[in-house]
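Could you slot chain B onto chain A? The hints should help.
Line by line, the protein sequences are chains A and B.
The numbering of the first sequence is the working numbering, which starts it at 14 and goes up by one.
The numbering of the second sequence is the working numbering, which starts it at 351 and goes up by one.
Just so you know, the hints here were simulated from the structure itself, not pulled from any lab data.
The beta-carbon is built from N, C-alpha and C at its ideal position, and this holds for glycine as well.
Nothing false has been slipped in among the hints.
Covered by chain A, according to a simulated footprint, are these stretches of chain B (three or more residues, beta-carbon under 8 Å):
1. 353-359
2. 381-393
3. 424-437
4. 442-451
5. 473-483
6. 507-519
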Amino acid sequence: MTFPNDLLQFLGLLGALLLLAYPLGTFMARVYNGEPTFLSPILAPCESLFYRICGVDRNDEMGWQRYALAMLLFNLVLFLTLMGMLLAQPALPFNPQGLPGLSWPLALNTAISFITNTNWQNYSGESTLSYFTQVVGLTVHNFVSAASGMAIVIALIRGFVRRTTATIGNFWVDLTRSVLYILLPLSLIGAVFLVSQGAIQNFSDYKTVPLTQSFSYDKPKLDEQGAPMLDPSGKPLTESVTAKEVSIPMGPVASQEAIKELGTNGGGFFNANSAHPFENPTPFSNLMEVLFILLIPAALTRTFGVMVGNTWQGTTLLGVMLFLFVVAFGVLHWSELASTPMLHHLGVMGGNLEGKELRFGLIGTDMFTVATTGTSCGAVVAMHDSLTPLGGLVPLSLILLGEIVFGGVGSGLYTMLAFAIIAVFVSGLMIGRTPEYLGKKIEVREMWMSIVIILVAGIVVLILSGLAMITPSAVASMANPGAHGLTEVLYAFASMANNNGSAFAGLTGNTNFYNLLGGLAMLIGRYVPAVSVLAMAGGLAGKKYVPPSLGTLPTDKFPFAFWLTLVIFIVGALTFFPALALGPIVEHLSMMGVN
Amino acid sequence: MKELKPAILMCLLFTVLCGGLYPAVVTGIAQAVFPHQANGSLITDVNGQAVGSELIGQPFTESHYFWPRPSATAEFAYNPMASGGSNNGPSNPAFLATVAERVEALRVTGVTGPIPADLVLASASGLDPHISLEAARLQIPRIAKMRNLSEDAVAGLVDIHTEGRQMGLLGEPRVNVLLLNRALDSQS
Chain A
14 MTFPNDLLQF LGLLGALLLL AYPLGTFMAR VYNGEPTFLS PILAPCESLF YRICGVDRND
74 EMGWQRYALA MLLFNLVLFL TLMGMLLAQP ALPFNPQGLP GLSWPLALNT AISFITNTNW
134 QNYSGESTLS YFTQVVGLTV HNFVSAASGM AIVIALIRGF VRRTTATIGN FWVDLTRSVL
194 YILLPLSLIG AVFLVSQGAI QNFSDYKTVP LTQSFSYDKP KLDEQGAPML DPSGKPLTES
254 VTAKEVSIPM GPVASQEAIK ELGTNGGGFF NANSAHPFEN PTPFSNLMEV LFILLIPAAL
314 TRTFGVMVGN TWQGTTLLGV MLFLFVVAFG VLHWSELAST PMLHHLGVMG GNLEGKELRF
374 GLIGTDMFTV ATTGTSCGAV VAMHDSLTPL GGLVPLSLIL LGEIVFGGVG SGLYTMLAFA
434 IIAVFVSGLM IGRTPEYLGK KIEVREMWMS IVIILVAGIV VLILSGLAMI TPSAVASMAN
494 PGAHGLTEVL YAFASMANNN GSAFAGLTGN TNFYNLLGGL AMLIGRYVPA VSVLAMAGGL
554 AGKKYVPPSL GTLPTDKFPF AFWLTLVIFI VGALTFFPAL ALGPIVEHLS MMGVN
Chain B
351 MKELKPAILM CLLFTVLCGG LYPAVVTGIA QAVFPHQANG SLITDVNGQA VGSELIGQPF
411 TESHYFWPRP SATAEFAYNP MASGGSNNGP SNPAFLATVA ERVEALRVTG VTGPIPADLV
471 LASASGLDPH ISLEAARLQI PRIAKMRNLS EDAVAGLVDI HTEGRQMGLL GEPRVNVLLL
531 NRALDSQS
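In isolation and in its complexed conformation, chain A is listed as follows (with noise of 0.2 Å):
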C-alpha cells in the first residue's frame, strides 16, 4: 500500500511550500518596496555599486514606454551574446571535450529559447555545449530572464497601487534587487544542497571508467562525412563492436540545477534534464527541487497582497492555484498508477514507469510534472512522451492555460491578474455595472490587453500546429504514428509559446521547420504579453482610485476564488477542447475500445 505514503508525500510539499512561501513573500514585498532587510547591509553597497557602473538612479522613475524599452533593449544584448557565444564556442575557453560550434538555426532557437525563459532543447547538452556556455552563457540567461519576469510583474503590481501617475518604477532596479536578494541567495543555498545529495559541480574532464561487464553491440557504419553507410537494399551497415569503457560526463551542473529550478527556467545540464542522477540523484533532491520550481511563484501571491495592501487579494489567488494544482495531480497520478490496458495483458504489473526514473516513485515523479508545467519551468523528471493519454494531457493542458498554477516567476502572476481582470469583467457584465479591480476602474484598455495576454499564445499555437500538419516535413519529426503524433506537435508548440521548455521529445525538433517557427513563437508568446502588461501597468497607474462600494465585487472572499476558477475552465476549454480531442483524447478512447 502506498496511498497513506504517497499522500504524506504531497501533504508535506505542499505544507513546506505554503510554509516557506509566506515570509518569502513578505521579504519580497520589502525588497521591491527599497525597505531595508536582513540582507542589506551586506548587498546594498554591491546593489549601489551596480547603479554606479551602469549609471542608473534609483530615484528615476519611468514611464511604462520606457520600462518597456529599457526591458526590451535589455534582452535584445542578451540575445546577441548569447547567439555569438553559441556559434563562436570552438574559439572560447573551457571547453574540455573540444565541442563545435552549433549550426546557425540551431544557435538562435536556443538563444531565443534561454532570453524567454522557455529553455527549450533542440540540443543533447553533454555532447553540444561547453563548460563555458553552460555556464557563463546559460546560467546567466537562467538569472536574469527570471529577474525580467518578476521586474514586469512588479511594474503591474504597481499600477494598481499607484493613482493618477505616469510611472511604474524603473526597469534596471527591479531587475538588479530581483538577482541581488532574491535569485542569488537561494540559488546559492539550493546548488550546496542539492550537491550534498550528488548533484556534481567541478570542472574535470569527462572521466572514463572501465564496464564491470563489457559487452557487444551493433554500431552504425559511417563513412568520411560521418554520414550512415547503406547497404544495396537501403538498410544501414553495421559492425559489431565491443564496449569495455564508457565516459561519465562531468561539470558544473548543481549551480545550474538551482536556478534551472528556482527561476523556473527548465533548460538541462544534460539531455535527460532533471531524470538526470546527476541533476536529481535522490527523492530528497527531487522534493526540493519541486518546492524550488514552486516557491518564488507562490511567494508572489504574498507579494503582491502585501503590496496592494490587502493580502486577501493575494491569498485567493493561491488558493485557486493551490486547487487547480491539486485537480492535475490527482487526474495525472491516478492515470499513472493505472498504467495502459495494453501492459497489463503482456502480464506487467505496477504503474506506468515507462520514461521515469525508479528512485523518485511515481508519486515524486508526478509531483514533479505537474509542478514544471503548472509553471513556466520546463525541467523533467519523466519523459513527457510516454504517459499516458490522460496522464499526457495534464501537462499539455495545464501550460495551454498559460501557466498560472503557482505560474512562471512573473509571468505566471501576470497571467493570472489577467484572468482575474477578465472575471472581474464579465461578472460585471452580469450586474450591469462598471467593473473594479482593486480600486481601478477596468476599461477598454485593460480588457484589451488581458484578451492579448491570454489569448495570444493559445493563437500562435492553433496556428503553428495547424502549419505543421500540412508540412510534409514537419510531420515527419512525429516519432510515434496517430493521435499520439499530434499531440507531440501541439505540445512542442504549447511549450514554445507559453516558454515552458518541456517537450514530448520523440519529436525531432531539431529542424529548420521546428527551430524557426519555435523561435518565432517564443519571441510572439514571451514579448507580447509582456509589453501588454506593462501597457496595463501604465493606464492603471494613471487611474484615480475608486473606493469600494456596495456594488462592488470582493475579489478577495472565496465566492470570488470559486468564479475565477470557473472563468479559467471556460476559457481553456473554449480554446483549446478541440485540439485536445483529437490528440490526447482520442488516443485515450481508442486504448480503452481496443482492449
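Showing chain B alone in chain A's frame:
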C-alpha cells in the same frame, strides 16, 4: 537611446556575478565540503581506480549478473554520453512489441507470474542505477543457479544493497544494481 548603456553594462555585470562568481563560490564550497558527491560519487576498486559511479547505471546482459532496467540511450544501452528515454508513446505498436520481447526474455529464464514494471520499461535518463525490490527478488533463483550459491546467500546480498525510503518517507525502496553485482563478483 539612454537605456542602451545600462543594458550593455548590466549584461556584463550579471555575467561576471552569475556566470563567474556564483559558480566559482558553489564549486569552492562543494569541493571543500562534499568532494565525493561533487565529483560524481565515484566507486573505486582496491587500487583506487574509478570503476563507475553509484549514481550512473551500467549495462549487464549476462545471466550471472542482476539485470538492470532497459535503457533507451543512443548507440548502446546505458551510454552516459547520451542520456535520455525512449519517448515511446503508450499506444505505439512498436513499443508494445519491444515490451513483449522483454517479458519473453524473462519468461525463458523461468520467471512466472506478473512482471515488475521497472524490469521491462526503460527509464527516463537511460542511466537509472536502480531496480525495485520485486525486480531483484525475481532474479535471485537465476543468479543463485548460475553462480552455485544458495538463494539465501544471494537474498542476503540483495538485502544489504537495498536502499529504503529516504528519511523513511520519500521515494520507493530500491536496489543499486552496479553495487550489488560488484558485491556478487567479490564473493565468488
